[in-house]
Amino acid sequence: MDYSDLIERLLNNEPRAAARLITIVENDITAAEEIINSIYKYTGNAYILGVTGAPGSGKSTFISTLTKILVEQGKKLGIICVDPTSPLTGGALLGDRIRMKEHFTLNNLFIRSMANRGQLGGLARATEDVIKILDVYGCDIVIVETVGVGQSEVDIFKSAQTVAVLLQPEVGDDIQAIKAGIMEITDIFVVNKMDLPGTDRKVAEISQMLELESSFKYDSNDFSKEFTKIRKWTPEIVKVNSKTGENFDIFLEIVDHHKNFLKETGIIESYEKNRIKNETLQILKHKLAKKVEKLISSNSEIEKYINLVMDKSLDPYSMANLIIKLLGIE
Amino acid sequence: MPEGRKIKVLVCKPGLDGHDRGAKVLARALRDAGMEVIYTGIHNTPEDIVNTVIQEDPDVVMLSMLSGAHNALCPVIMEKLKENGINDVLVAVGGIIPDEDKPFLEKHGLKGFHGPGTELKTIIEFVKNNLKR
Chain A
0 MDYSDLIERL LNNEPRAAAR LITIVENDIT AAEEIINSIY KYTGNAYILG
50 VTGAPGSGKS TFISTLTKIL VEQGKKLGII CVDPTSPLTG GALLGDRIRM
100 KEHFTLNNLF IRSMANRGQL GGLARATEDV IKILDVYGCD IVIVETVGVG
150 QSEVDIFKSA QTVAVLLQPE VGDDIQAIKA GIMEITDIFV VNKMDLPGTD
200 RKVAEISQML ELESSFKYDS NDFSKEFTKI RKWTPEIVKV NSKTGENFDI
250 FLEIVDHHKN FLKETGIIES YEKNRIKNET LQILKHKLAK KVEKLISSNS
300 EIEKYINLVM DKSLDPYSMA NLIIKLLGIE
Chain B
0 MPEGRKIKVL VCKPGLDGHD RGAKVLARAL RDAGMEVIYT GIHNTPEDIV
50 NTVIQEDPDV VMLSMLSGAH NALCPVIMEK LKENGINDVL VAVGGIIPDE
100 DKPFLEKHGL KGFHGPGTEL KTIIEFVKNN LKR
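Protein chains in written order, with numbering that gives the first Met the number 0: chain A, 0 to 329; chain B, 0 to 132.
It is possible that some hints are incorrect.
Under the rule of at most 20 Å between Cα atoms (straight-line distance), these lysine-lysine pairs were calculated in the PhoX-like manner [claimed, not checked]:
| # | chain 1 | residue 1 | chain 2 | residue 2 |
| --- | --- | --- | --- | --- |
| 1 | A | K75 | A | K258 |
| 2 | B | K23 | A | K100 |
| 3 | A | K289 | A | K324 |
| 4 | A | K293 | A | K276 |
| 5 | A | K100 | B | K79 |
| 6 | A | K303 | A | K293 |
Keep in mind that the hints were calculated from the coordinates and are not lab data. No experiment lies behind these values; they were computed from the predicted model shown.
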């Protein structure tokens with residue numbers, strides 16, 4: 000297929016072209032390859048802000064209020080809302096727009112709902128590609144709202160420059176705050192619903208957790224060295240009220256602060272490198288998995304191996320090694 | 000249709016109509032039929048709906064109307080879709096649509112007209128069989 004017309008229209012900031020290209024990259028990975036190949040050189044202008052948090056913590060409402068402020072400042076915004084796909088039927092109910100209704104008619108705003116289509120980690124396979132399309136579409140900021148996450152859906156920090164995690168008062172105790180996963184990837188902790196009791200206690204719990212974190216820095220192994228941004232930046236905490244917009248100015252100041260921090264320390268560069276590495280790894284995994292699936296369904300050797308494993312004269316690990324040999328990529 | 004393609008449906012309630020049980024049941028049923036359903040809630044203006052169609056690029060728009068304002072609102076929505084060059088989206092209206100209003104709405108390109116008591120199966124089949132792309 001030839002996508003040059005759509006891409007031309009995307010470069011002219013035409014919303015329908017952006018929307019159609021997003022549909023195509025969501026549905027067809029081969030087409031996605033072709034499209035990203037042609038637009039990649041125009042990417043890199045948008046700032047990516049990730050918003051994550053447990054279901055019901057107020058992500059959509061928070062983003063809605065934030066949107067209002069940023070659009071009033073004259074920014075062009077892209078918003079990607081990821082919701083879960085049913086593992087049983089493959090269908091999805093995407094309801095984030097309900098809370099963003101006020102903004103439907105704005106020109107400098109593009110909201111897109113995405114189903115995660117079974118991908119773990121809080122995002123969809125095509126989320127990276129959709130970010131790029133909205134970047135080329137001319138968005139100054141792209142906000143990515145993840146699936147309502149538990150404790151380990153952390154993929155967002157591989158895609159976003161700044162990650163805000165939403166928490167709410169009176170939910171979870173202080174042990175939740177020192178568990179691994181979501182709490183480790185956060186640049187800004189947002190305690191939402193600050194009008195509820197227990198807000199200050201939540202803030203105190205997080206700041207205690209952060210103190211612990213900073214006094215135990217020595218445990219960095221290779222993995223954490225790779226993602227230095229979480230080690231060098233001390234996460235900030237802010238309490239907000241998404242219904243009234245209270246303290247959103249402070250939140251935006253912190254975002255700016257973090258943005259400058261990344262630039263001044265040069266971390267943004269190593270961050271970019273990691274992002275590219277991660278994204279390529281994802282693509283490779285996908286491509287290799289396709290190859291392996293094709294091989295397994297078509298190669299007659301495989302059937303023999305399976306029988307050997309059934310006889311217990313081969314084990315699954317050894318069979319995997321034999322398949323790697325067949326692929327010729329050892 | 001590429002192998003990863005999912006049918007994307009926008010379910011919405013235009014105008015001053017708060018009765019959305021039907022829309023929710025429908026959204027849920029279409030989800031269970033393997034479709035990706037966006038529900039935008041109640042009190043959508045025609046502009047809201049058309050802007051959402053532009054951004055979300057759905058295959059189907061399902062308007063749920065029990066307020067009696069279908070003759071006023073539906074043609075406006077169709078007109079605005081046309082203005083934006085959108086002609087490959089199936090637009091269906093359901094809810095309380097009297098028989099005598101159907102020819103008028105059909106003339107404006109609307110389909111469906113599923114009312115109370117329709118089996119969900121019927122609506123799912125209707126969506127699958129009437130896609131425009």
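*Straight-line alpha-carbon gap K303/A to K293/A, limit 20 Å*: Answer holds: K303/A to K293/A is near 16 Å, not above 20 Å.
*Given the hint that K75/A pairs with K258/A, does the C-alpha gap stay at or below 20 Å?*
Holds, at about 18 Å.
*CA of K293/A to CA of K276/A, is that 20 Å or under?*
26 Å, violated
*Assess, step by step, whether the Cα of K289/A is no farther than 20 Å from the Cα of K324/A, and give holds or violated.*
16 Å, holds
*Does the alpha-carbon distance linking K100/A and K79/B stay inside the 20 Å limit?*
19 Å, holds
*With a cut-off of 20 Å on the C-alpha distance, tell me whether K23/B and K100/A pass.*
Holds. K23/B to K100/A sits at ~17 Å (cutoff 20 Å).
In this structure, only the earlier hint numbered 4 is contradicted, and the remaining ones agree with it.
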